[in-house]
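Asks: Sequence:
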Amino acid sequence: GGEFQVNTFTSKMQQFQSVAVDADGDAVVIWNSQGGSQNGIYGQRFSSAGAKVGGEFQINASPVNGAFASVAVDDDGDAVAAWAGESGVYVQRYNSAGAKVGGEFRINTYTTNSPLHPSVAVDDDGDAVVVWRSFVQDGSSYGAYGQRFQHPIPAAKASNIQVNDGSAQRSMVTSLQVTFDSKVSFAGSPAAAFSLINQLTTNAATLSAAVDVAGTVVTLTFTGGSIDLAGSLADGRYSLTILGSQFTGAGFDGNGDGTGGDDYVLTGSPANGLFRLFGDGDGDASVAANDFIQFRLALGGNNPIFDFDGDGAVAANDFIQFRLRFGGSI
1 GGEFQVNTFT
11 SKMQQFQSVA
21 VDADGDAVVI
31 WNSQGGSQNG
41 IYGQRFSSAG
51 AKVGGEFQIN
61 ASPVNGAFAS
71 VAVDDDGDAV
81 AAWAGESGVY
91 VQRYNSAGAK
101 VGGEFRINTY
111 TTNSPLHPSV
121 AVDDDGDAVV
131 VWRSFVQDGS
141 SYGAYGQRFQ
151 HPIPAAKASN
161 IQVNDGSAQR
171 SMVTSLQVTF
181 DSKVSFAGSP
191 AAAFSLINQL
201 TTNAATLSAA
211 VDVAGTVVTL
221 TFTGGSIDLA
231 GSLADGRYSL
241 TILGSQFTGA
251 GFDGNGDGTG
261 GDDYVLTGSP
271 ANGLFRLFGD
281 GDGDASVAAN
291 DFIQFRLALG
301 GNNPIFDFDG
311 DGAVAANDFI
321 QFRLRFGGSI
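The sequence shown begins at 1 in this note's numbering and counts up one residue at a time.
Hints should not be assumed to be uniformly reliable.
[As the list claims (entries may be wrong)] Restricting the straight-line Cα-Cα distance to at most 30 Å, the calculated cross-link-like pairs of lysine-lysine (BS3-like) are:
no., residue 1, residue 2
1, Lys100, Lys157
2, Lys100, Lys52
3, Lys12, Lys157
4, Lys183, Lys52
5, Lys183, Lys157
6, Lys12, Lys52
These are calculated hints, taken from the structure and not from any lab test.
This structure is a prediction, so every number in the text was calculated from the model and none was measured.
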């Protein structure tokens, strides 16, 4: 193709440009834009076909004296932009969707004179190195300085939530198992990072949490609050909230924006199985004829699905509870 203009704003000087591409051929160009409110570091993303992706955008939060832009991307399209600002070299990270990851930060420690001409490079994993010119820091004229960075460990996400052992029945619900896509750590008790509320009554279940050896699976059981006998949730749909503020380390990314600290909310429904209705042996959110057949077969045995009081036997007391719910649904 032919040459094309990258910048949309054209007043005064647009200079000190830098370009980088990822493994798929998607590109980002950044430059120093001068003139009025446009003074600062700006960028424009392009698809591998050369089409603009969105409009040009400002990279530096404070546009005062931003200049000498440099950008690099890893194989996934995550980007690192660097530029010279007031008394410092500043860096801003972006994810592959073009969203900022955290805020801009200064990387140089010597601030007596303003540094110049930063250049940034990243490897396939997103680890970065930035170099720049620093005046009189080494005692004579300009010297070359650099700083290395490790790609931040991404915040964990909830990859799976399993009710009981994963079976369809929701007659008894005695545990939830939350699996994360990476190891998690907690600010306090792991149970404090979870909230389980009955949507109908707004009553909460008091939770106990056990974390596996790998630190990726948390099993929640119920010790009080919105529970029936035998440690099962009371009848109802439930909302499970995972509280981002209760995680340490890389944190927990509840909304998938690439940064930790936000909550994840799963609103219970028959579709995702986050409900309990005693007597519902087939997990269809109702107590009907099929469930009666199952209950009749279980009567006199020790099937825990229909053992409402947890005494180890399915007997008359359990049938009373089953009969109260027959014909009901959630």
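Asks: For the pair supplied as a hint, Lys183 and Lys52, confirm whether the alpha-carbon distance does not exceed 30 Å.
Replies: violated (37 Å)
Asks: Below or equal to 30 Å on CA atoms is what counts here, so check Lys12 against Lys52.
Replies: holds (22 Å)
Asks: Can you confirm whether the C-alpha distance between Lys183 and Lys157 stays at or below 30 Å?
Replies: holds (10 Å)
Asks: For the pair we were handed, Lys100 and Lys52, check the Cα-Cα distance against 30 Å.
Replies: holds (18 Å)
Asks: Has the given pair, Lys100 with Lys157, been kept, meaning a C-alpha gap of at most 30 Å?
Replies: Roughly 18 Å between the alpha carbons, so the hint for Lys100 and Lys157 holds.
Asks: When you check the alpha-carbon spacing of Lys12 and Lys157, does it fall within 30 Å?
Replies: Outside the cut-off at roughly 45 Å; violated.
In terms of the numbered hints stated before, the structure departs from hints 3 and 4, listed from lowest to highest.
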